[in-house]
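Chemist: Sequence:
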Amino acid sequence: MAEPLKTKIASVMEDPSVMQIARVYAKSFLGAAVSTIGVEAALEEGQSFVDDVLQRNPDFEQLLVSPTINRGDKLKLIERVVTGRGSEFITSFLKVLARHDRLDLLPNILQAARIQNERSSGRKRVSVKTAKPLSDESRKAIGDKLRSAFAFEPILEAETDPSLIGGMVIRVDDTVYDSSLRTRL
Numbered sequence: 000m001a002e003p004l005k006t007k008i009a010s011v012m013e014d015p016s017v018m019q020i021a022r023v024y025a026k027s028f029l030g031a032a033v034s035t036i037g038v039e040a041a042l043e044e045g046q047s048f049v050d051d052v053l054q055r056n057p058d059f060e061q062l063l064v065s066p067t068i069n070r071g072d073k074l075k076l077i078e079r080v081v082t083g084r085g086s087e088f089i090t091s092f093l094k095v096l097a098r099h100d101r102l103d104l105l106p107n108i109l110q111a112a113r114i115q116n117e118r119s120s121g122r123k124r125v126s127v128k129t130a131k132p133l134s135d136e137s138r139k140a141i142g143d144k145l146r147s148a149f150a151f152e153p154i155l156e157a158e159t160d161p162s163l164i165g166g167m168v169i170r171v172d173d174t175v176y177d178s179s180l181r182t183r184l
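Here numbering that gives the first Met the number 0 is used: the first residue of the sequence shown is 0, the next is one more, and so on.
Derived by calculation from the structure, the hints in this document are not laboratory data. Be aware that one or more of the hints could be misleading.
[To be verified] Straight line, CA to CA, 27 Å or less: simulated DSSO-like cross-link-like pairs of lysine-lysine:
{"no.": "1", "residue 1": "K123", "residue 2": "K139"}
{"no.": "2", "residue 1": "K131", "residue 2": "K144"}
{"no.": "3", "residue 1": "K128", "residue 2": "K26"}
{"no.": "4", "residue 1": "K26", "residue 2": "K123"}
{"no.": "5", "residue 1": "K123", "residue 2": "K144"}
{"no.": "6", "residue 1": "K75", "residue 2": "K94"}
{"no.": "7", "residue 1": "K128", "residue 2": "K144"}
{"no.": "8", "residue 1": "K26", "residue 2": "K75"}
{"no.": "9", "residue 1": "K128", "residue 2": "K139"}
[Said to hold, decoys possible] The calculated label-pair distances, taken between Cβ atoms and stated as ranges, are:
{"no.": "10", "residue 1": "E87", "residue 2": "R22", "range": "58 to 68 Å"}
{"no.": "11", "residue 1": "T182", "residue 2": "R138", "range": "37 to 47 Å"}
{"no.": "12", "residue 1": "E117", "residue 2": "V95", "range": "21 to 31 Å"}
By construction, the Cβ of each residue, glycine as well, lies at the ideal position given by its N, Cα and C atoms.
Put together the whole structure using the sequences plus the hints.
Modeler: Right, here's the structure in full:
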């Protein structure tokens, strides 16, 4: 028997348009943050809300993202739970997301905002995979090489992957530089 066709995407995270939508909200988030509490404070408070409130209280998160709960009830819930505990900025931003049924995108929006903020300040995340953990000297040397090769300040995200055998794999945006032994064998 043939596998049934999927007519609905199982998760918001699988939808390719999610990050596109998140980038739009992230731009607004950053613009509003600049003129109120500051970008770093807004990003920190937003991430704290996700980590300390939503992830620790999955029932509360489910209420906020549930399509069966109407917008008005979500707004009341935010008003009751967040007001007084979070800044006026975060409370207002959560209400905007609730009015547009986008509360489920909050982690994606924060991720996009963090990336936009890093890029606007001349920084960019760079993934570095090696067979063994990097020493501090190696991290510094890789950072220096990347700084001289590219026009940005690299933020190294080091990972260990023993299957590489030796060498490293560096990813900058969508470009991969692979000098691992695994690839050469």
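Chemist: With reference to the structure, classify each hint as holding or not holding.
Modeler: Each hint, compared with the structure:
1. For the suggested pair K123 and K139, the alpha carbons sit about 16 Å apart, so the restraint of at most 27 Å is met.
2. Distance restraint check for K131 and K144: the Cα-Cα separation of roughly 19 Å lies within the 27 Å cut-off, and the hinted pair is therefore satisfied.
3. For the proposed pair K128 and K26, the alpha carbon gap of about 30 Å is over 27 Å, so the pair is violated.
4. Taking the CA atoms of K26 and K123, the gap is near 17 Å; set against the 27 Å cutoff, the hint holds.
5. At most 27 Å may separate the alpha-carbon atoms for a hinted pair to count; K123 and K144 meet this at roughly 14 Å.
6. Between the alpha carbons of K75 and K94 the distance comes to roughly 9 Å, so the proposed pair stays at or under 27 Å and holds.
7. Of the supplied pair hints, the one linking K128 and K144 holds, its CA atoms being roughly 16 Å apart against a limit of 27 Å.
8. Pair hint K26 plus K75 holds up; C-alpha atoms about 26 Å apart against a cutoff of 27 Å.
9. Between K128 and K139 the CA atoms are separated by roughly 15 Å; this keeps the pair inside 27 Å, and the hint holds.
10. Between E87 and R22 the Cβ separation comes to about 24 Å, which falls outside the hinted range of 58 to 68 Å.
11. A beta carbon spacing of about 22 Å between T182 and R138 contradicts the range 37 to 47 Å that was offered as a hint.
12. Between E117 and V95 the CB atoms are about 23 Å apart, so this pair conforms to the stated range of 21 to 31 Å.
Of the numbered hints listed earlier, those contradicted by the structure are 3, 10 and 11.
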